[in-house]
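Novice: Given the coordinates of chain R, work out where chain S should sit on it, guided by the hints.
Line by line, the protein sequences give chains R and S. First residue of the first sequence: 1, per the working numbering; consecutive thereafter. First residue of the second sequence: 328, per the working numbering; consecutive thereafter.
What the hints contain is simulated information worked out from the structure, not anything from laboratory work. Be a bit skeptical, because a hint or two may be false.
What the hints assert, rightly or not - Cβ-to-Cβ under 7 Å is the rule here; a few derived chain S residues that face chain R:
#: 1; residue: Ile482
#: 2; residue: Leu484
#: 3; residue: Gly488
#: 4; residue: Gly492
#: 5; residue: Ile494
#: 6; residue: Thr579
#: 7; residue: Phe582
#: 8; residue: Val585
#: 9; residue: Pro589
#: 10; residue: Ala624
#: 11; residue: Leu625
#: 12; residue: Asn628
Claimed, not checked - Over 12 Å on every C-beta distance to chain S, these chain R residues come out as not near it, computed from the model:
#: 13; residue: Val15
#: 14; residue: Leu98
#: 15; residue: Phe102
#: 16; residue: Lys186
#: 17; residue: Ala223
#: 18; residue: Ala225
Since the model is a prediction, treat every value here as computed from it, not as a measurement. A virtual CB, placed ideally from N, CA and C, is assigned to each residue, including glycine.
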Amino acid sequence: MFAFILRRLLQSVVVMLVVALIAFLIFRYVGDPIVSMVGVETRIEDQEVMRDRLGLNDPFYAQFWTFLTNAVRGEFGISYRLQQPVLRLISERLPATLELAFVSAMLALVMGVLLGIYTALKSRSALSGIIMAGSLVGVSLPTFLIGIGLIYVFAVELQWLPSFGRGDTVQIGAWRTGFLTETGLKSLILPAITLSLFQMTLIMRLVRAEMLEVLRTDYIRFARARGLPERVINFRHALKNTLVPVITITGLQLGAVIAFAIVTETVFQWPGVGSLFITSVQAVDVPVMAAYLMFIAFVFVLINLIVDILYYLVDPRLRVDGRSGGH
Amino acid sequence: MPDPIEIASATPPKTRWQRIVDSDIFFSYSRSPVTIIASAMALTLVLMAALAPWVAPHTPFNPSTVELMDGFTPPGGEAFSGKTYLLGTDDQGRDLLSTIMYGSRVSLFVGFAATVFAMVLGISLGLAAGYRGGLLDTIIMRVADVQLSFPAILIALLIFGVARGLIPPERQENTAIWVLILAIGLSNWAQFARTVRGTTMVERQKDYVSAARLLGRHPLAIVTKHVLPNVLGPVLVIATISLALAIIEEATLSFLGVGVPPTQPSLGTLIRIGQRFLFSGEWWILAFPAFTLILLALSVNLLGDWLRDALNPRLRK
Chain R
1 MFAFILRRLL QSVVVMLVVA LIAFLIFRYV GDPIVSMVGV ETRIEDQEVM RDRLGLNDPF
61 YAQFWTFLTN AVRGEFGISY RLQQPVLRLI SERLPATLEL AFVSAMLALV MGVLLGIYTA
121 LKSRSALSGI IMAGSLVGVS LPTFLIGIGL IYVFAVELQW LPSFGRGDTV QIGAWRTGFL
181 TETGLKSLIL PAITLSLFQM TLIMRLVRAE MLEVLRTDYI RFARARGLPE RVINFRHALK
241 NTLVPVITIT GLQLGAVIAF AIVTETVFQW PGVGSLFITS VQAVDVPVMA AYLMFIAFVF
301 VLINLIVDIL YYLVDPRLRV DGRSGGH
Chain S
328 MPDPIEIASA TPPKTRWQRI VDSDIFFSYS RSPVTIIASA MALTLVLMAA LAPWVAPHTP
388 FNPSTVELMD GFTPPGGEAF SGKTYLLGTD DQGRDLLSTI MYGSRVSLFV GFAATVFAMV
448 LGISLGLAAG YRGGLLDTII MRVADVQLSF PAILIALLIF GVARGLIPPE RQENTAIWVL
508 ILAIGLSNWA QFARTVRGTT MVERQKDYVS AARLLGRHPL AIVTKHVLPN VLGPVLVIAT
568 ISLALAIIEE ATLSFLGVGV PPTQPSLGTL IRIGQRFLFS GEWWILAFPA FTLILLALSV
628 NLLGDWLRDA LNPRLRK
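Chain R on its own, in the form it takes in the complex (with noise of 0.2 Å):
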């Protein structure tokens, strides 16, 4: 058990440092710092000066350490654009994304597995093939006319939602909820629904798959001819088997949420970090970019860690073989 988590950190941690490599790569060489800073104007003298002064001109591990560990501290450097920290931006931003990712996982996981036992139990009626073949086309829509669909359905014709922002927000402390007011949690419908209905017909159909494959095997037909009611079966029994994949992925999608948030949100005008990495994408703002890809691989990683673990500790049969853990 603590050789497995002590590797799968060890794992991890070379992930975080190719990630960091690389944007420091893009921080490093992806235009001139300088220029950026102050521009072409200024004279190549003073511009050399600058360059020592920043440690422009240190060696390459030097340089890429220097880096480290300002990223392990949070800072990564003044955004080009907006002249203001890139932490305080990231930071300030935050909370709306992962609020809309939050709700947006949670709606995908509660509807995926109702909609999943639904169709799994009743694979014969009509509403069920509906249910499918809507997922399918949902499958293969792009995220972000889904989104403009909702928009003109919701707040153009009929007009009851709101289309763009986050509406009013309360501070608490260094968190800004949208929670708490009624046009925040009106703003939060429709993003929330275009960013789910990916992973719920995933989750969906991966609940379906299951149910019907645990619905065939013995201990089920056992437990119809102890005469246990319908009810028991389907939720105690055969439910409860299917939840270890759909857990697994839930939290693996809860990464691809936030990468996803980057199209909800310009949709939706969201001001979240995806919104801004887009911006930052536009104008080259490079420490934005950096600090952006370092911030969603560290979600990533993070996430994938936590799921090996649990898929660890809930699993039995990974533990009876200690070297394979893990896949």
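Specialist: Just chain S, lined up with the frame of chain R:
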């Protein structure tokens, strides 16, 4: 025992067309109405895009032929200049049908080119990893694993951003489309590499490869002449599905405003433009490009699904 070659030559040789009609693939195709509709749809869209300069009713990106006063003409309605536009015009008076045809041209070109790029890269790396094994295999597959755990759109965005920083501004407009192909291609190669590597490892164990090796053929020749043809089946399926993904990815990037330059709009750019008029009631500027994109992605996806089932002998009844 009669020579099998004689038996084969006794029956009249089949024409190529006859062989196609008799094949399992064609049989499964003729039995699936959805696939026939999807392929007809895809073919129509591809032809419309390919022949746009000849069949489009207007030349939308030539300022001298565009009537600014015709802007916001609804579909089929008569414009200020007396012309009629089947699908209406956008804010600058450009004929929507023509912009969609030219737009699909850009979308399909980027999609095809990116898929071919991803395919060539993925097949080469997959063959190398599967045939050589060892450290090379470990490195390539590790990179593929890490890349597959990130969404393609994120990787494409990063590559696009980096390329933008490296290319001088005055050349950005001309290179944008190639940068886009590079970004989408690089974000999709891992699927190919993974599949090809798996099949290659199986093929490597087979007698014909050992025989070729014993004959002293160069490894490169063995891989390209003997192994490659045997791994192409699954590659074809992935290529179709990744074409649909590449088209959607391009549309998404262009929609986000980091794709093709505005002078060469793709379907994604048209949707980005159309979105601005969503609230003012000019629905057609958004709806028709969006509808075309959906049809395109859906038909290619359906073809990919069918191809996967048709090429999988386990699913054949």
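Novice: It remains to establish, for every hint, whether it holds in the given structure.
Specialist: Hints versus structure:
no., hint, result
1, Ile482, "violated (10 Å)"
2, Leu484, "holds (6 Å)"
3, Gly488, "holds (4 Å)"
4, Gly492, "holds (4 Å)"
5, Ile494, "violated (10 Å)"
6, Thr579, "holds (6 Å)"
7, Phe582, "holds (5 Å)"
8, Val585, "holds (6 Å)"
9, Pro589, "violated (13 Å)"
10, Ala624, "holds (5 Å)"
11, Leu625, "holds (5 Å)"
12, Asn628, "holds (4 Å)"
13, Val15, "violated (6 Å)"
14, Leu98, "holds (17 Å)"
15, Phe102, "holds (18 Å)"
16, Lys186, "holds (18 Å)"
17, Ala223, "holds (31 Å)"
18, Ala225, "holds (32 Å)"
Violated hints for the displayed structure, listed by number in ascending order: 1, 5, 9, 13.
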